[in-house]
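Number of protein chains: 2
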Amino acid sequence: MWVPVHWLGAGPALQLYISEAGEAKSASHSTFPPVRPQPDGQPTLTVAMSLRSPAAQAARKTLTRPSISRVSHYGRRLASMATVAPPVTQNSVGQKGPTAMVFMNMGGPSTTDEVGDFLSRLFSDADLIPLGRLQSYLGPLISRRRTPKIQRQYAEIGGGSPIRKWSEYQCAEMCKILDRICPETAPHKPYVAFRYAKPLTEEMYVRLLEDGFGQGRGGRAVAFTQYPQYSCSTTGSSLNELWKWRNRLEGKRATGEANPVGTITWSVIDRWPTHPGLVEAFARNIEAKLAEYPEERRKDVVLLFSAHSLPMSVVNRGDPYPAEVAATVHAVMHRLGFSNAYRLCWQSQVGPSAWLGAQTSDTVKEYVNRGHTDLILVPIAFTSDHIETLYELDKEVLHEYAQGHPGVKRAESLNGNPVFIQALADIAKDHLQKGEVCSRQMGLRCQGCKSERCLEQKKFFMGEQEIMPTAR
Amino acid sequence: MWVPVHWLGAGPALQLYISEAGEAKSASHSTFPPVRPQPDGQPTLTVAMSLRSPAAQAARKTLTRPSISRVSHYGRRLASMATVAPPVTQNSVGQKGPTAMVFMNMGGPSTTDEVGDFLSRLFSDADLIPLGRLQSYLGPLISRRRTPKIQRQYAEIGGGSPIRKWSEYQCAEMCKILDRICPETAPHKPYVAFRYAKPLTEEMYVRLLEDGFGQGRGGRAVAFTQYPQYSCSTTGSSLNELWKWRNRLEGKRATGEANPVGTITWSVIDRWPTHPGLVEAFARNIEAKLAEYPEERRKDVVLLFSAHSLPMSVVNRGDPYPAEVAATVHAVMHRLGFSNAYRLCWQSQVGPSAWLGAQTSDTVKEYVNRGHTDLILVPIAFTSDHIETLYELDKEVLHEYAQGHPGVKRAESLNGNPVFIQALADIAKDHLQKGEVCSRQMGLRCQGCKSERCLEQKKFFMGEQEIMPTAR
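Residue numbers (my numbering), protein chains in the order written: chain P, -10 to 461; chain Z, -10 to 461.
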C-alpha cells in the first residue's frame, strides 16, 4: 500500500509516496516512463523535486543518504541506484532501462540571430580557445567583432547550422535501433546537449530531470560524445560543462552534498575514432565520390582528410586528438586498401598563435597550383555538416582556393547516413553491455594539464574513491 | 655456344660472353649467384664493369640501349630486365632471383671515433635538419661543437651504436626466412645502407655492383626502409641518397644516359606502420614489461609511446610521419585491448626552433611530479636500440627526469626479436609478390615541398613516364 506524502510545486509535478516498508515511489507527469529501481535496492526515503522551487530546496535538505556513491567501476556505481525510489508510473519490470542517451557536440546557431550568443560562449571557453588571463575580456571582444562576418556566413549556408537537426535525428534513430538490439536497457530516450548553442547542456539536464531521471529517482544516462576523436577542447569541454551542471542541479551546489542519493548515474562514451562502422561509413562516402571521376583518373585522385586544427599550445600539452584523428584516417585508408594517395590536413585556424598544420586551404592551393586538380576533401573529425564544411570547405576552399576546378570535390558528411547511425547504435550497445564508466584513456590527464576543472570532472566521471592515479 | 669477349680489370672480375643469338652472359667471381635474365628477354649486348675502372668507363660508352626503361609500373620496369645479359654462373632456372634486400636506416657510429663524421653528415642533411641557406656553414659548425658531448654519450652506452649489428643481423635473418617462404625470388641477399654512418649508401651500392647486380646485368633490388613510419626527413632522405648514388654509379652521371640498359631495377618498401607482425612484436614487448609490475598496479600503468620529434616546419609542410606514428600507436593499443591509458610523446628535439610536442622528457617529469610513477616508455618509431633509447631514454629520462623511480621502465626495442624478423619477412614477401614499385602514398609530394631532389627521386622510383600527377 502506498501513502501519498506531499506534492512539489512548479515544474514537472511529482508525487512522492512512501510504502509501508519505507520504500519511496514518485509519480511523474512527464510522458516519459520514469526510472526503475534496482532489484537489490534498499528502501530509502527519496524526494523528487522541481528545479529551484522553494519546496525543492527545502526537500533537498531532507534527503537521506544511506550509502555513498563513491565508486569508480560502472557496475559499482550502478549499485548506488539501489537506493533509488521507484517512480509510480514504473511499469516495466526486469528491465535496466529507461536509459537517457545524450549526444554531446559543439553545436551551431540554428538561426543568424543566435550567432552572437554562440560566438560569445565559444570564445569564452578556455578549454577550446585558451586566451589566458584575459579570456573573460578578450572572448566577448573577439566574438562581438566576428559576429557580423559569421552571420553573413550562416546566411550563405541557408540561415543557420543544420547540426541540431542532424543531431536530433541521429540520436532518435539510434535510440530506435538500440531499443531493438539492446532491449535490456530500453527504452532509450534521445537527448542533445550542445556546448555553445541550443539545446545547451543545462537545458538538456533540466529536461532529464523533468523526464523523471535523477533527483532521488536515480536512472542511467550515457554522455555520448559526437566527436569521434577525443580532445580536451571538444569532448573534454563538454564533459566539464556536464559535470558543472550536474553539480549545480543535482550535486553539491544543489543539495550541499557531492553525491546525494538517487542522482543520475552517468557513464561516458568518450571516443570511437576507429569503430568499424564509422570507418565503413566514411569509406563508402569516399568511394561514392571517387566514382564521380572517369575511371582512368580515379586512382590518381588525392584524398585530403581535413580535421579542425588545434593550437600548438594544446597539442604540446599532450592532447590526444591529433593522434586519434590520424588513427581514423589510417583506418579509413586501410579499409580502402590504400587505393589512393592521401594527406591529413587541418582547417579553421583562428588568430595569430601557432596552430597544427599543414592547413587544408594551403594544401588545396599548393596542389591546384601544381596542376593537380583531382582532389577529394574528406571532413574526418565532424560527422554532421556545419559551417566548417558548408561554408569553409564548400565556399572558401572549393571555390576560392581551388578556383572552382570541377575535379576538386568534397565527400558527403555522414549526417543521416544509415551505416553511420547503425554504427552509433553498435557503439552504444557495446558500451551499455560492457557496463564501463568510460575508457581507461579518459582517466589520464594530459601531461601538461593544469586545469582543476578537468581534474574534478575526471574524478566525478571515474568515481571519486577509485580515481586512477593517472588523473592526478 | 658462348664466345668469351673480353675481361674487365680491377674489382669484381667479370667475363662477358656473347652467344650466337647475340645474347650476352657474364661470369662473376663473386660468391653470390648473379642475376638471371627474364624469359622474354631480347638479346642485347650488355657490358658488366667494375666501378670507375678505365675499362669500365670505356665500356659505359659502348652500352647500347634497345629499350628505354621509362615505366612506372613495377611489372613494366621488370620488362627492362628483359634486356639483361645472363651471367655465366647463372645456375638456377625458372627463378626471378637473386634479389638484393637493402635495409635503409639512419645508422649510428659503431665507435666513438666515427661520431664526428656521423654528426657532420647528419647536420648537413637538409632533409633531416633544415637549416636554410646556411646549412653548409651551420651544419659542420654545430656538428663540431656537439661532437665531444655526443662522443661521451656513445662512450657511456658501450662505445658505439649497436644499430649496425642489429641491422645486419635482422636483414640476414629475414633473407633466410624469405628464401624459404618466397622461393621464386630467392636467393635473397642482405645489404645495409645507412644515411649517416658506415655502411653508407655508396658503399652498399658499390657492393651491389661488385656482387653482380646492375651495370648491364640488371637484377632486382628492394630498398626496404627500417623506419616503419614514413618521413621525408628519414626514409625520404635515404631514398634521395639512394637515387643520387644510383645516378652517379649507374645513371646519367656514370653513363651519360638517365636509364642505361641493364641497371638495377629498384622497388621500395616505403612504410609499414601498422603491419600486424610489427604491432604484435611491439605489443608483446609491452606485455612483458607490464608483467614486471604487481598485478594490482598493472592496469594503472601508463604507456608512453615515444617517437623522434620533427620540426614544426616539416610537420606544417605536410610530412606524413606524425599521422603514421599515431597509426602505429593506435594499432598497438587496439591489439592490447586498450588495457592501459597511454600517450604519444616526442623526443630528441634539438635547437631553438619549434618542434612537435608534447616532449617525452617533460611528460615523464610531469607525471612523476604528480606522483604517478608507474610508466612504461615504448620506443615506437625506431626498431633497434640506438643512442635515443640507450642514452636519452635509459640514462636521461629514466634516471634524471624520473629520478630513478623503479616503476618507470622502458619496453625492449625490437632488435633481434623473432616476431619482428618474421614480420619483416612477411612485409618483404608481400612486396615481392605484389610486384609494386612503392606505395601509392609515396608518389604524393608533400603540399609544402619545394625540394627538387625529392621530385626527381620520386620520378625515378615511380618511373619517369608514368609519374603520378601527385608527384608534380
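Heads up, a few of these hints could be off.
Identical chains share a label here; the pair holds if one copy fits it or two copies do between them.
[What the hints assert, rightly or not] Calculated cross-link-like contacts (lysine-lysine; reagent style BS3-like; alpha-carbon spacing at most 30 Å):
{"hint": "1", "residue 1": "Lys278", "residue 2": "Lys187"}
{"hint": "2", "residue 1": "Lys187", "residue 2": "Lys354"}
{"hint": "3", "residue 1": "Lys398", "residue 2": "Lys154"}
{"hint": "4", "residue 1": "Lys165", "residue 2": "Lys138"}
{"hint": "5", "residue 1": "Lys233", "residue 2": "Lys384"}
{"hint": "6", "residue 1": "Lys439", "residue 2": "Lys165"}
{"hint": "7", "residue 1": "Lys423", "residue 2": "Lys288"}
{"hint": "8", "residue 1": "Lys384", "residue 2": "Lys278"}
{"hint": "9", "residue 1": "Lys288", "residue 2": "Lys154"}
{"hint": "10", "residue 1": "Lys448", "residue 2": "Lys138"}
{"hint": "11", "residue 1": "Lys398", "residue 2": "Lys165"}
{"hint": "12", "residue 1": "Lys154", "residue 2": "Lys448"}
{"hint": "13", "residue 1": "Lys398", "residue 2": "Lys85"}
{"hint": "14", "residue 1": "Lys233", "residue 2": "Lys418"}
{"hint": "15", "residue 1": "Lys187", "residue 2": "Lys233"}
FYI, nobody ran anything at the bench for these hints, they're computed from the structure.
Intra/inter-copy verdict for Lys165 and Lys138 if alpha-carbon distance must be at most 30 Å:
neither (39 Å within a copy, 66 Å between copies)
One pair to classify: Lys288 and Lys154, alpha carbons no more than 30 Å apart. Within, between, both, or neither?
So Lys288 and Lys154 fail the 30 Å test inside a copy (36 Å) and across (41 Å) alike.
How would you classify Lys439 and Lys165 at a CA-CA limit of 30 Å: within, between, both, or neither?
neither (41 Å within a copy, 53 Å between copies)
State whether the alpha carbon distance between Lys384 and Lys278 is at most 30 Å within one copy, between copies, both, or neither.
Answer is within: at 18 Å inside a copy they meet the 30 Å cutoff, but 52 Å across does not.
I want to check one pair: Lys398 and Lys154. Are their C-alpha atoms no more than 30 Å apart within a copy, between two copies, both, or neither?
within (24 Å within a copy, 50 Å between copies)
When no copy is named, should Lys154 and Lys448 be tagged within, between, both, or neither for a Cα gap of at most 30 Å?
The answer is neither: 33 Å in one copy and 49 Å across copies each exceed 30 Å.
From the Cα coordinates, with 30 Å as the cut-off, is the pair Lys423 and Lys288 best called within, between, both, or neither?
between (41 Å within a copy, 17 Å between copies)
Can you tell me if Lys233 and Lys418 fall within 30 Å by alpha carbon in one copy, between copies, both or neither?
within (27 Å within a copy, 56 Å between copies)
Lys398 and Lys165: within-copy, between-copy, both or neither at 30 Å Cα
neither (34 Å within a copy, 48 Å between copies)
Could you place Lys448 and Lys138 in one of the four classes (within, between, both, neither) given a Cα distance threshold of 30 Å?
neither (40 Å within a copy, 45 Å between copies)
First find the shortest C-alpha distance between Lys398 and Lys85 inside one copy, then the shortest across copies, and answer within, between, both or neither for a cut-off of 30 Å.
neither (46 Å within a copy, 43 Å between copies)
Classify it for me, Lys187 with Lys354: is the Cα-Cα distance of at most 30 Å met within a copy, between copies, both or neither?
Neither. Shortest intra-copy (36 Å) and inter-copy (41 Å) distances fail the 30 Å Cα cut-off.
Violated hints, listed in ascending order, are 1, 2, 4, 5, 6, 9, 10, 11, 12 and 13; each of the other numbered hints is respected by the structure.
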